[in-house]
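Peer 1: For reference, the chains in residue letters:
There are 2 protein chains.
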Amino acid sequence: MTNDVTVAIDAMGGDHGPVVTVAAALKCLARDPALTIILVGRQDEIELQLRAQHAKPDSRLHIHHATEVVGMDESPALAMRNKKDSSMRVAINLVKSNEAGACVSAGNTGALMATARFVLKMLPGIERPAIASELPTMKGRTFVLDLGANVDCTPEHLLQFGIMGAMLVSALDQREAPSVGLLNIGEEEIKGNEIVKQAADLLRQSGLNFYGNIEGDDIYKGTTDVVVCDGFVGNVALKTSEGLAKMISTMLREEFTRNLFTRLAGLVALPVLKAFKKRVDPRRYNGATLLGLRGVVVKSHGGADRYAFEHAIEQAAREVRNNVQQRISEKMAILQKDAA
Amino acid sequence: MTNDVTVAIDAMGGDHGPVVTVAAALKCLARDPALTIILVGRQDEIELQLRAQHAKPDSRLHIHHATEVVGMDESPALAMRNKKDSSMRVAINLVKSNEAGACVSAGNTGALMATARFVLKMLPGIERPAIASELPTMKGRTFVLDLGANVDCTPEHLLQFGIMGAMLVSALDQREAPSVGLLNIGEEEIKGNEIVKQAADLLRQSGLNFYGNIEGDDIYKGTTDVVVCDGFVGNVALKTSEGLAKMISTMLREEFTRNLFTRLAGLVALPVLKAFKKRVDPRRYNGATLLGLRGVVVKSHGGADRYAFEHAIEQAAREVRNNVQQRISEKMAILQKDAA
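Residue numbers (the working numbering), protein chains in the order written: chain A, 4 to 343; chain B, 4 to 343.
Incorrect hints may appear among the rest.
Since the list gives no way to pick one copy over another, a pair counts as held whenever it fits inside one copy or between any two copies.
[Claimed, not checked] The calculated DSSO-like cross-link candidates involving lysine-lysine, where the alpha carbons are at most 27 Å apart (straight line), are: (1) Lys142 - Lys87; (2) Lys142 - Lys249; (3) Lys224 - Lys280; (4) Lys281 - Lys30; (5) Lys277 - Lys224; (6) Lys281 - Lys249; (7) Lys87 - Lys99.
Calculated directly from the structure, the hints in this document are not laboratory data.
These numbers were taken from a predicted model, which means no experiment stands behind them.
All chains should be modelled from the sequences, with the hints used to inform the complete structure.
Peer 2: Following this line, the structure appears as structure tokens:
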């Protein structure tokens with residue numbers, strides 16, 4: 004495996020645009036000597052940010068001019084049809100043409116998904132792309148998919164998510180058979196709907212290391228390496244987690260700033276609270292990957308700051324270096340041969 | 004409204020049985036002079052626990068003997084058919100016969116649901132019972148339903164959940180028009196599945212204070228007073244929250260016990276951490292209510308300790324005192340009249 008990797012960045016995407024994307028790119032380049040970055044977007048705005056950071060293009064940092072920008076609330080269909088020279092689309096084009104191994108965008112998720120699917124096409128045997136993201140657990144981390152690309156899934160889709168998730172972890176961690184859990188609910192009488200029941204059957208026959216049904220709390224227990232669910236359930240689980248984490252950290256802050264005594268206690272506890280905060284910092288888990296495409300596409304949170312966006316870039320580079328794409332298509336080829 | 008209320012308790016239910024249920028009953032009786040409790044279950048075991056707590060039956064504390072116990076993992080259908088003298092069933096019978104205004108059980112959820120539905124029947128116009136529970140939010144609290152009783156819901160079911168949830172909050176808080184949110188996902192292109200879209204239409208026309216679609220993080224933001232979702236999604240959201248809260252508290256404890264310095268910092272911060280812990284203590288939110296039945300049935304967490312079980316008893320008493328039942332059936336009658 005060669006270490007050299009080129010990542011195309013939609014420099015205009017996200018709530019903050021080049022202020023965040025350019026700064027994050029520079030940080031990543033400084034840390035990773037085998038990384039090359041192509042900043043895609045309005046040349047003048049990118050150059051302005053580079054100057055502000057006392058940097059300029061060189062052999063590992065290129066600017067690729069693109070005139071248009073996809074708005075965060077723009078209709079994905081219209082963005083795809085009308086904005087052929089958007090920073091997002093051009094970044095994806097660079098993956099298609101093999102000028103970049105991966106692209107990263109903090110832009111409009113729907114537009115990114117639709118454009119990536121249209122430009123790159125799906126891997127053989129995969130019907131739908133899925134959004135997968137790493138989450139912290141008691142034991143380390145787990146990958147959950149789908150997080151919102153598909154609201155109505157068939158059992159076959161859930162099976163494909165399981166395959167893609169397992170191959171992702173297998174490639175990233177160099178492990179043979181990561182465990183796969185199917186997100187379900189716990190009551191005896193009412194164990195899941197028909198689709199989930201059928202998906203469990205398919206996963207059981209798939210040759211994957213299928214753990215079986217798991218419940219919501221198993222995500223953070225780290226019961227399995229991969230958690231499979233439809234995009235509606237996955238999105239609700241993710242957003243609910245974000246909301247709860249935010250409420251907990253707000254309440255913790257409120258308690259430590261209640262009065263002089265609690266402020267002093269907070270001061271004493273500060274290093275501990277910082278260590279704690281670092282462990283659960285969601286920015287470290289920024290960078291959801293769009294699996295199932297013929298190319299690596301990583302979606303950053305729209306509101307990502309520099310630190311968070313760096314993680315999305317790193318996630319993209321890691322996937323290219325570990326041949327995630329290839330691992331998924333090889334597995335699909337084997338399964339399709341077996342089925343034939 | 005009279006303040007006197009009688010609650011029947013399935014004394015044998017839950018992981019701990021009479022050790023917890025009897026102790027919690029005594030605490031509630033001491034705190035609430037207008038409360039009467041009927042402890043249902045094996046007389047000898049209940050008496051043993053009462054003696055251990057230096058208590059005995061009196062005008063506000065009765066024992067109702069029941070010979071059988073429903074196991075936590077027992078099939079709900081079999082439990083219903085074969086155990087006609089279970090503590091759970093007899094407690095529900097006491098609600099049916101108006102000897103008690105409500106019943107509380109920490110037993111097998113599926114069996115409780117099936118038996119309550121069979122014995123008490125549904126309120127007119129309600130097709131399915133729903134499990135509703137209070138959750139803490141940044142602004143106070145919200146009620147979420149359904150939390151797992153119904154995995155496949157029609158738009159009409161979701162509408163009925165909205166009505167029941169709104170009437171529950173309206174009755175408990177003496178408020179006219181609590182806001183109702185429909186749990187959905189956020190991406191523009193893919194705003195929910197067909198069922199949720201149709202449910203939104205029904206809720207919009209319902210005359211309820213319908214806020215519109217909300218996302219997972221809105222639960223803890225406290226965006227609406229009521230959150231409506233199907234039982235699969237609700238159960239995953241609840242269990243995921245439990246898992247995340249547990250992970251966060253474990254990590255916080257780990258950081259404060261890492262070494263001598265962090266332990267000292269933890270000692271200084273202890274009163275603050277305790278105040279924080281109290282605010283997010285899930286035991287304070289124990290007691291999910293089974294809405295839609297002709298009678299108040301409250302389900303406690305199976306693993307509830309005394310403190311948590313007290314909250315379930317209090318929830319039951321509160322519902323009876325605030326005529327939650329009546330409020331729901333009146334609203335259903337109005338809606339059905341309007342529709343006719």
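Peer 1: Within, between, both or neither: how does the pair Lys281, Lys30 come out at a Cα-Cα threshold of 27 Å?
Peer 2: within (19 Å within a copy, 41 Å between copies)
Peer 1: From the Cα coordinates, with 27 Å as the cut-off, is the pair Lys87 and Lys99 best called within, between, both, or neither?
Peer 2: within (14 Å within a copy, 67 Å between copies)
Peer 1: At 27 Å max between alpha carbons, let me know whether Lys281 reaches Lys249 within a copy, between copies, both or neither.
Peer 2: both (14 Å within a copy, 17 Å between copies)
Peer 1: I want to check one pair: Lys142 and Lys249. Are their C-alpha atoms no more than 27 Å apart within a copy, between two copies, both, or neither?
Peer 2: both (22 Å within a copy, 13 Å between copies)
Peer 1: Regarding Lys142 and Lys87, is the shortest C-alpha distance of 27 Å or less found within a copy, between copies, in both, or in neither?
Peer 2: Cα proximity of Lys142 and Lys87: none, with 44 Å in one copy and 45 Å across.
Peer 1: Is it within, between, both or neither when you check Lys224 against Lys280 at 27 Å Cα-Cα?
Peer 2: both (18 Å within a copy, 20 Å between copies)
Peer 1: Reference check for the pair Lys277 and Lys224, CA-CA at most 27 Å: within, between, both, or neither?
Peer 2: both (22 Å within a copy, 24 Å between copies)
In summary, the one numbered hint that this structure violates is 1.
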